[in-house]
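Chemist: Quick mapping for you: the protein sequence lines, in order, are chains A and B. Heads up: the first sequence begins at 45 in our numbering, then just goes up one per residue. Heads up: the second sequence begins at 100 in our numbering, then just goes up one per residue.
FYI, nobody ran anything at the bench for these hints, they're computed from the structure. Computed from a predicted model, the values in this text were never measured in an experiment. Among the hints, a few may not be true.
Below are the DSS-like pairs computed for lysine-lysine, each with C-alpha atoms no more than 27 Å apart in a straight line [unchecked claim]: (1) B:185 - A:64; (2) B:185 - B:111; (3) B:204 - A:96; (4) B:111 - A:70.
Part of the chain A face toward chain B, derived, beta carbon under 7 Å [claimed, not checked]: (5) 66; (6) 73; (7) 97; (8) 102.
The C-beta atom is built at its ideal place from N, Cα and C for all residues, glycine as well.
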Amino acid sequence: MKADATLDCFGLYCPVPIVKTAQKIKELNTGQILEVLADDKGIKQDMPAWCKATGNECLGIEESGGEIKAYVRKTQK
Amino acid sequence: MTIVVFSGELDKALAAFIIATTGASMGMDVTMFFTFWGLNILKKNEAKMGGKGFKQKMFSLLNKGGTKRLKLSHFHMFGLGTWMMKLVMKDSHYPSIDEFITMAKEMGVKMIPCSTTCGMFGLTDVSFRSGVESIAGAAYFLGEARQSKVTLFI
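Let the sequences and hints guide you as you build the complete structure.
Modeler: What follows is the structure, encoded as structure tokens:
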């Protein structure tokens, strides 16, 4: 998936990837896509929950060999 | 979200700040009310002996507080366990309790010292690190808590 920005959260545990996502998404314009790279498995449940709470769109989560990529479209006001 | 931080142990403080910062990043208004041993988390590390009279002075001497003096609730083992825990956190690039406090403040989390504990132990606004809100009482906490959907006691 083509992203407008990437956030590297490899090696970081909950809640740091989510906290960093919340900070990073502020830099994006509405409609842009943020790619979050992580290896903490919690993010698979956390990112959809965070998106639901903040009004962003979770486009999908890909996992391969322990590497997790989460895609978020900024739709929050 | 409102959190009563009653405990003054490192692990419990971390749990409180993990929930608080996550809540703030999810767009929640977060208020943390620090009471009893929880106040030790907010005390300055370099706090001098304070309070009025012998009893308060003894308390401030024996219960100095500050993030550097926080112990684990289990496995403290005369400091060895706590030291190991801090090393493990560092190895995992996990934020320290000081970093969590700074992060929480930047994210708009309100940290409020309990007025009764402050009064009994002879603590004032200058006893605490910067970024802490004014001392307040239970009514203020409940005023916030009754409007919040999540209230925790740690």
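Chemist: Would you list, in rising numerical order, the hints stated earlier that this structure does not obey?
Modeler: 4, 6, 8
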